[in-house]
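J.: Sequence:
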Amino acid sequence: MSAAHDDHHHGPAKGFTRWLYTTNHKDIGSMYLWFSFAMFLLGGTFAMVIRAELFQPGLQLVDPNFFNQMTTMHGLIMVFGAVMPAFVGLANWMIPMMIGAPDMALPRMNNWSFWILPFAFAMLSATLFMEAGAPNFGWTFYAPLSTTYAPETVTFFIFAVHIMGASSIMGSINIIATILNMRAPGMTLMKMPLFVWTWLITAYLLIAVMPVLAGVVTMMLFDIHFGTSFFNAAGGGDPVLFQHVFWFFGHPEVYIMILPAFGIVSAIIPTFARKRLFGYDSMVYATASIAFLSFIVWAHHMFTVGMPIAGELFFMYATMLIAVPTGVKVFNWVATMFRGSMTFETPMLFAIAFVVLFTMGGFTGLMLAITPADFQYHDTYFVVAHFHYVLVPGAVFSIMAATYYWLPKWTGHMYDETLGKLHFWLSFIGVNILFFPQHFLGLAGMPRRIPDYALQFADFNWISSIGGFLFGASQLILLVVVIKCVKGGKKATAQVWEGAQGLEWTVDSPAPYHTFATPPDPKLIHAQ
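Reminder that position 36 of the sequence shown reads as 35 in numbering that gives the first Met the number 0, one-by-one numbering, no gaps.
Hints in this document: simulated from the structure, not taken from any laboratory. Among the hints, a few may not be true.
Unchecked claim - No more than 30 angstroms apart at the CA atoms, straight line, and that leaves these computed lysine-lysine pairs for BS3-like: (1) K190 - K274; (2) K420 - K274; (3) K420 - K490; (4) K522 - K483; (5) K420 - K486; (6) K420 - K489; (7) K190 - K522; (8) K522 - K420; (9) K490 - K274; (10) K13 - K490; (11) K274 - K13; (12) K420 - K13; (13) K483 - K190; (14) K522 - K274; (15) K522 - K13.
Everything numeric in this text was worked out from a predicted model, so none of it was measured.
Given these sequences and hints, build the entire structure.
T.: So, in structure tokens, the structure goes:
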């Protein structure tokens, strides 16, 4: 009680206890972001092992079982440890400031949501040092590889997933309570910045699907330790049931990882185009439509398991339907830029790259949605290329855009624009050299999750690996930019960017430890 009590009178405590006990949304947001970056570097290290192994045909560096541990851990840590905590960190930092709230609705639960995460990922990572080795069954942990044939460490993985899910559910409850109950007078729902809207919808998605993930890993646990046969055909179960339950969680999950990105880009593009966002209302409805449709497309991951043709047709058309609201968003961003007074600072470069490359990832997704064609693409590098085009130049670029965009507001200093642009161009070139050739590998039939390959795939693989090392190394520039910015630099004004609108730009830079202790003047709230 006392440490939290002191905060309200004297500012933050000093030393480690400040971070351990803090109930301040800005502190917790910062911790999520640093944790996410650490996980990004760890997951990236695993990716470097994968790309080093695939640099040439033949087994090069690691044995196949360890290669599978690397692909699994890379996927799990990037999805659950890097992308999602980054978005939650941005939500914690920005949502209260955007809606004029003094803090999050449930500050102590907020602290708990964060502090259980390092334990979950420490436990998951510790499996790498155990005799049985880390999980080696892919980030989608399909049964029976994850049950009957799994290493004993699968139990640690299951516990880690449960903790991570609890963190997500608590964070989402907090975000919903904050947005619905703590908006400043005059901040109606349709005046909220789109980042707030996308997170509100994302939080509902998380609450809906995280229990499904908890359920499926609990069924695994019971199959492994308690003699049930949910996924074991020999005992009357069905391994395909696992895929249905997993993807019922997994497909909304990939939208959970992209909807906040839409919100970020919808904040950045109007700022640097110096125009109001085109079609605000349609953006809100499109976001809600995507969230709804994400629940009825899960089996497009399963076209090759032998579904009835009616099921395949339904999931094919439902999947294609998602392109409509997504297209609405893309056209609205383009219309916002059209005839704007554009400038190209680092956040805008990342946002434009997001729009272009995410759209490309969306097109390959439409190709995968076509059931007969998917028999060719399924489980090849084409799927890897599609997924990474959506998640790296998609989710990750949007997180980087947000970091550059709000960093002056967080630190009170301007970042080094030259280094920022260098980071952008190296990342942009690297990510395309890394993932574009993988489309060709997949179309030529190279299977994914395999440490060795036939000679005809050699050229595209070494090109891809070089792109990977370039992309990985260039992320250290981001670390340098952030550290330099925290330590000093040109003072930032309250309204950092000329075209920026919204309540977060009405408070000083750096944002005071407590903002909006009294609600902001309703006249400051612009209709979006």
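J.: Each of the hints needs a verdict: does it hold here or not?
T.: Tested hints:
no.: 1; hint: K190 - K274; in the structure: 16 angstroms, holds
no.: 2; hint: K420 - K274; in the structure: 23 angstroms, holds
no.: 3; hint: K420 - K490; in the structure: 20 angstroms, holds
no.: 4; hint: K522 - K483; in the structure: 36 angstroms, violated
no.: 5; hint: K420 - K486; in the structure: 20 angstroms, holds
no.: 6; hint: K420 - K489; in the structure: 17 angstroms, holds
no.: 7; hint: K190 - K522; in the structure: 12 angstroms, holds
no.: 8; hint: K522 - K420; in the structure: 36 angstroms, violated
no.: 9; hint: K490 - K274; in the structure: 26 angstroms, holds
no.: 10; hint: K13 - K490; in the structure: 24 angstroms, holds
no.: 11; hint: K274 - K13; in the structure: 42 angstroms, violated
no.: 12; hint: K420 - K13; in the structure: 35 angstroms, violated
no.: 13; hint: K483 - K190; in the structure: 35 angstroms, violated
no.: 14; hint: K522 - K274; in the structure: 20 angstroms, holds
no.: 15; hint: K522 - K13; in the structure: 37 angstroms, violated
This entry does not satisfy hints 4, 8, 11, 12, 13, 15, going by the numbered hints stated previously.
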